[in-house]
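Student: Could you fit the two chains together into a complex? Lean on the hints.
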Amino acid sequence: GNSVTQMEGPVTLSEEAFLTINCTYTATGYPSLFWYVQYPGEGLQLLLKATKADDKGSNKGFEATYRKETTSFHLEKGSVQVSDSAVYFCALVNGGSQGNLIFGKGTKLSVKP
Amino acid sequence: GAGVSQSPSNKVTEKGKDVELRCDPISGHTALYWYRQSLGQGLEFLIYFQGNSAPDKSGLPSDRFSAERTGGSVSTLTIQRTQQEDSAVYLCASSFGVIDSEQYFGPGTRLTVT
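If you read the sequences in order, they're chains A and B. Heads up, the first sequence is in the numbering used here, so the first residue is 1 and it goes up one at a time. Heads up, the second sequence is in the numbering used here, so the first residue is 1 and it goes up one at a time.
Be aware that one or more of the hints could be misleading.
Stated by the list, open to error - Calculated cross-link-like contacts (lysine to any residue; reagent style SDA-like; alpha-carbon spacing at most 25 Å): (1) Lys49/A - Thr112/B; (2) Lys68/A - Thr20/A; (3) Lys105/A - Gly59/B; (4) Lys105/A - Gly51/B; (5) Lys49/A - Val113/B; (6) Lys105/A - Leu46/B; (7) Lys49/A - Tyr104/B; (8) Lys49/A - Ser95/B; (9) Lys57/B - Thr26/A; (10) Lys49/A - Gln37/B; (11) Lys52/A - Ser101/B; (12) Lys57/B - Ser3/A; (13) Lys68/A - Ala53/A; (14) Lys105/A - Val74/B; (15) Lys105/A - Gly42/B; (16) Lys56/A - Ser101/B.
No lab work stands behind these hints, which were simulated from the structure alone.
Isolated chain B (complex conformation) (with noise of 0.2 Å):
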């Protein structure tokens, strides 16, 4: 069956603008997470959602950060005023449940920052 799916894979911007980042979990997944990786920091949690519903964003690095959950499916993480430190491959991960749940990875979005 279909895997998890992020668009674009690759996004360039020019520092300042906004992006939006899209990610379709895998069908019946009502868990969805969002990590950062980049070569300074490793992997970083960034958010997580149940169903639509997002209980805790101190992960998001900065108020400039937001993500949404539409449908219990599809879900966008938009980054205003990009930064050069933003720069990094953006990955997200669906699961069927929560605890102990195997996550499944899609491919990611490299977003670089110039």
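Next comes chain A alone, as it looks inside the complex (with noise of 0.2 Å):
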């Protein structure tokens, strides 16, 4: 079946330093493909999306690029700032019609002043 795989945290960076995390997906065809980001204390909230293959989503700072050749959706930002501490999950809409979504395990950011 469909599956996320994401790195596993923690990830601990200095505030200005570039983030990246990783995501790469077991699917049939090519679905829809998310980052959804937990703050502290806060319920999941959509960062961004891409619909198709070479699409970017983009959003505060954040970028990621629908790889079908590598099956990735990898997460970047070029400087990460002490507010986006957080837990970042990649996830894609499974198959058929219900849309639900399959979510990798998680990766929690923590950025030191």
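Tutor: Below, the structure written as structure tokens:
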């Protein structure tokens, strides 16, 4: 079945460092891909999405490109801030008619000043 | 506008008791999803409603779990005879459509079974 694999955390970076969180997927066809973020004490929020191959999703300085050749959707940000500290989840829409999301295990990011 | 709300925010129950978790989706959202977030299993999909109908219940972990949705709005997830392995955060999400529609998540209900 469909699945998502993302790099294990935790990831600790200094402010203004470059961030990459790797995400690869296994799926039938070309499902839409998402990054969700969970800030401390808050619910899951959509960060960005891409609906087809070569699409680039972007939001709040974060970017991810849908790469069908490598079945990847890596999250990047050029300069992280302390406020980016959160847990990041890569996800895809499952096949069929339900549209449920399949999530990776999550990567906890801590940014130090 | 109002987002997805869930109640209670926290629930502590004794093993063997029944619990009911409630989700109020965003008004006008026809699709509603339940997920479970636990340390060991990550985020798992439980069940999906389109309107009041749940076409596939195979994601529910056992027959102790059931869910319903009424009036195309509020949904309740019921766990009967709770077990310690049911301890998790139960998340509800709603969306306007199904495929490719953004799912908006509620804050979750943290269930602890003692």
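Student: Decide, hint by hint, whether the structure agrees.
Tutor: Consistency of the hints with the structure:
1. As the CA atoms of Lys49/A and Thr112/B are separated by approximately 33 Å, the hinted pair breaks the 25 Å bound.
2. A C-alpha spacing of about 18 Å is found between Lys68/A and Thr20/A, which places the hinted pair at or below 25 Å, so the restraint holds.
3. About 18 Å separates the Cα atoms of Lys105/A and Gly59/B, which keeps this hinted pair within 25 Å; it holds.
4. For the suggested pair Lys105/A and Gly51/B, the alpha carbons sit about 29 Å apart, so the restraint of at most 25 Å is broken.
5. The straight-line distance between the Cα atoms of Lys49/A and Val113/B is roughly 36 Å, outside the 25 Å bound, and the hint therefore fails.
6. Our distance criterion of 25 Å between C-alpha atoms is met by Lys105/A and Leu46/B, whose separation comes to about 16 Å.
7. Restraint check: the Cα-Cα separation between Lys49/A and Tyr104/B comes to about 14 Å, which is no more than 25 Å; the hinted pair holds.
8. In summary, the hint linking Lys49/A to Ser95/B is supported, as the alpha carbons are separated by about 15 Å, within the 25 Å threshold.
9. Only pairs whose Cα atoms come within 25 Å are accepted, and Lys57/B paired with Thr26/A is accepted, the gap being roughly 23 Å.
10. With a C-alpha separation of about 21 Å, the suggested pair Lys49/A and Gln37/B falls inside the 25 Å cut-off, and the hint holds.
11. A distance of roughly 14 Å separates the Cα atoms of Lys52/A and Ser101/B; the hinted pair therefore holds under the 25 Å criterion.
12. Between Lys57/B and Ser3/A the alpha-carbon distance is near 19 Å, which keeps this suggested pair within the 25 Å criterion.
13. A C-alpha spacing of about 6 Å is found between Lys68/A and Ala53/A, which places the hinted pair at or below 25 Å, so the restraint holds.
14. With a C-alpha separation of about 29 Å, the suggested pairing of Lys105/A with Val74/B is violated against the 25 Å cut-off.
15. For the hint pairing Lys105/A with Gly42/B, the CA-to-CA distance comes to about 5 Å; that is within 25 Å, so the pair holds.
16. For the suggested pair Lys56/A and Ser101/B, the alpha carbons sit about 17 Å apart, so the restraint of at most 25 Å is met.
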